[in-house]
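The first sequence begins at 1 in our numbering and counts up by one.
Misleading hints may appear alongside valid ones.
Lysine-lysine pairs mimicking DSBU-like chemistry, simulated, CA-CA at most 30 Å apart [what the hints assert, rightly or not]:
| # | residue 1 | residue 2 |
| --- | --- | --- |
| 1 | Lys304 | Lys280 |
| 2 | Lys39 | Lys509 |
| 3 | Lys285 | Lys270 |
| 4 | Lys59 | Lys491 |
| 5 | Lys285 | Lys304 |
| 6 | Lys59 | Lys39 |
| 7 | Lys285 | Lys222 |
| 8 | Lys304 | Lys270 |
| 9 | Lys433 | Lys491 |
| 10 | Lys509 | Lys491 |
| 11 | Lys280 | Lys270 |
| 12 | Lys59 | Lys509 |
| 13 | Lys304 | Lys222 |
| 14 | Lys509 | Lys222 |
Source of the hints: derived by calculation from the structure; they are not laboratory data.
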Amino acid sequence: MVQVSGVVRERPEGTANAELETGESEVVGDRFEVLNPSKVPPFYINEEQPGLDESLRLKYRYLDLRRPPMQQRMLLRSRLASSIRRALEDEGFVEIETPTLIRSTPEGARDFVVPSRLRPGEFYALPQSPQQLKQLLMVAGYDRYFQLAHAYRDEDLRGDRQPEHTQVDIEMSFVTEEDVISTVERVVTRVAGDVLPDRPILQSPFPRLTYAEAMDRYGSDKPDIRFDMELVDLTDAVREVDFRVFSEPIAAGGTVFAIVAPGCGDYSRKQLDELIDLAKRHGAKGLVHLAVQSDGSLHGPAAKFLEGHEAALLAATGASAGDLVLVVADADRVAASEALGHIRLAMGDRLGLRQRGVLGYVWVHRFPMFAWVPEEQRWDATHNPFSAPVPDDIPLMDSDPGAVRAQQYDLALNGWESGGGSVRIHQRAMLEKAFALMGHSVEGMRDEFGALLDALEYGAPPHGGIAIGLDRWAALYAEVDNIREVMAFPKTQSGTDLMMDAPSPISDKQLDELSLRIVDEGER
RNA sequence: GGGCCCGUGGUGUAGUGGCCCAACAUGCCAGCCUGUCACGCUGGAGAUCGCCGGUUCGAAUCCGGUCGGGCCCGCCA
1 MVQVSGVVRE RPEGTANAEL ETGESEVVGD RFEVLNPSKV PPFYINEEQP
51 GLDESLRLKY RYLDLRRPPM QQRMLLRSRL ASSIRRALED EGFVEIETPT
101 LIRSTPEGAR DFVVPSRLRP GEFYALPQSP QQLKQLLMVA GYDRYFQLAH
151 AYRDEDLRGD RQPEHTQVDI EMSFVTEEDV ISTVERVVTR VAGDVLPDRP
201 ILQSPFPRLT YAEAMDRYGS DKPDIRFDME LVDLTDAVRE VDFRVFSEPI
251 AAGGTVFAIV APGCGDYSRK QLDELIDLAK RHGAKGLVHL AVQSDGSLHG
301 PAAKFLEGHE AALLAATGAS AGDLVLVVAD ADRVAASEAL GHIRLAMGDR
351 LGLRQRGVLG YVWVHRFPMF AWVPEEQRWD ATHNPFSAPV PDDIPLMDSD
401 PGAVRAQQYD LALNGWESGG GSVRIHQRAM LEKAFALMGH SVEGMRDEFG
451 ALLDALEYGA PPHGGIAIGL DRWAALYAEV DNIREVMAFP KTQSGTDLMM
501 DAPSPISDKQ LDELSLRIVD EGER
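Generate coordinates for the entire structure from the input sequences, incorporating the hints supplied.
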């Protein structure tokens, strides 16, 4: 690292270089000082280096962060966070920090825990979300709260999942679902205009789909609405077809879904096999593929079973010559649509339909409130256990809990889950009822959620909110597929920090102070 | 918990049983050039092919294990 002082001047005649940003000028140095010598860095800082091993970048993150693409992403993230704060403050929100040493609750994801020295044998947990705290702030009367909060989950990692992430946490009092959605939509729209003025929002106001609609049309609860290729329910069209792949699921009350991949009728065996693999990986028993021939006949292993039904199938799907019809049948409607939803995304990628320049925001709401967990013989919350039921569905909590819809809404962007929230239950009796359905005893509830239950008895206002993942937000805005690219110091997929070499053993002294003992793998 | 892929000088790649005590590019070191700017020229150093074991007359290459990284399924209220 050197410091040069001198005079900046135009380059002499004939020495300018139009191809360089600084090609017109030069510095005539009069003082030159080495501030600090440097070793040769392990990779190029000033040039793009395709194929550079990410683990090397992570080990030397402080050098990686010097590279212009990383700098640009860090600055983008900073502009994003700053714009979010401004937009929320202008809407009357106040930022309140909540602690990151809190109580462990076994609900949901695994907690990261921190041993207490002063209370041997007891542990804090790092929050998976400030959920209960922000609801308590509503009871406290801070009716528009937000925080750029760190949240922690001790679950397996993915390209879009880190053990520690930042969420834009928002909660509001005296609101309906409509109020939260429209407020968030204003904020998100303004931030997009601020940070990415050149990238249009596909549709505004953002489309709203019910969960059932999203699953039926896109096979996903976080649909990518930048392209159509929507799912078609073929159940009725093929009801009479004598083909066990269809007839057995239909007999079991299931569904046959199809999509049409335009112009893909000439797909090779290999390309089709990849799609079949993908469908199976996402839970389908298989994938039926039918290429539409120029005479309207169908080509594919299942074509012979569909003889005589071609016209009905083409009419139902809208497929025409040269197209590829892809079909998944399953006794479980959601399983069928989810599998085909993944095929739809893969086809969207292959056909270049998922254009990065566009922001396809969409709301998905009316999620089922409970899902049956057969292994544990109880209902579980599909999203947030504090979500309120849709008022019309409250009677169903007794008769048919699986049919109860929650006032729960997710914000999806370009096929990613961007955020999720709900109107919360603000009455103690209702919260106890919901928890009881989820198999919580009264004592258990008091133990884990005592403060919240008690607080609801002191005039808790109706309230609701949302949490939006800031890392995914930044990643989508930066047009990268991996949130590590927008985090200064991310962890590897196995949860390690290659630069700091964490996690690491601690000293016997530390263990003693914490009254902890390490048990060998063999002793367990 | 499981599936798949990757690991070769500092870096990125080539090499899929002998022609390899490993090739190319770039970087690094030394010298030359001195209006160059992805400079150029000449020379040089640098790799026990992630690690351990096995198969084989012979292993970077095949097999088993292990470590590290990535993608995915499960998981992620």
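Hints, one by one, checked against the model:
no.: 1; hint: Lys304 x Lys280; in the structure: holds (23 Å)
no.: 2; hint: Lys39 x Lys509; in the structure: violated (37 Å)
no.: 3; hint: Lys285 x Lys270; in the structure: holds (19 Å)
no.: 4; hint: Lys59 x Lys491; in the structure: holds (10 Å)
no.: 5; hint: Lys285 x Lys304; in the structure: holds (20 Å)
no.: 6; hint: Lys59 x Lys39; in the structure: holds (16 Å)
no.: 7; hint: Lys285 x Lys222; in the structure: holds (23 Å)
no.: 8; hint: Lys304 x Lys270; in the structure: holds (21 Å)
no.: 9; hint: Lys433 x Lys491; in the structure: violated (40 Å)
no.: 10; hint: Lys509 x Lys491; in the structure: holds (27 Å)
no.: 11; hint: Lys280 x Lys270; in the structure: holds (15 Å)
no.: 12; hint: Lys59 x Lys509; in the structure: holds (29 Å)
no.: 13; hint: Lys304 x Lys222; in the structure: violated (36 Å)
no.: 14; hint: Lys509 x Lys222; in the structure: violated (49 Å)
In summary, the structure is inconsistent with hints 2, 9, 13, 14 from the numbered list given earlier, while agreeing with the others.
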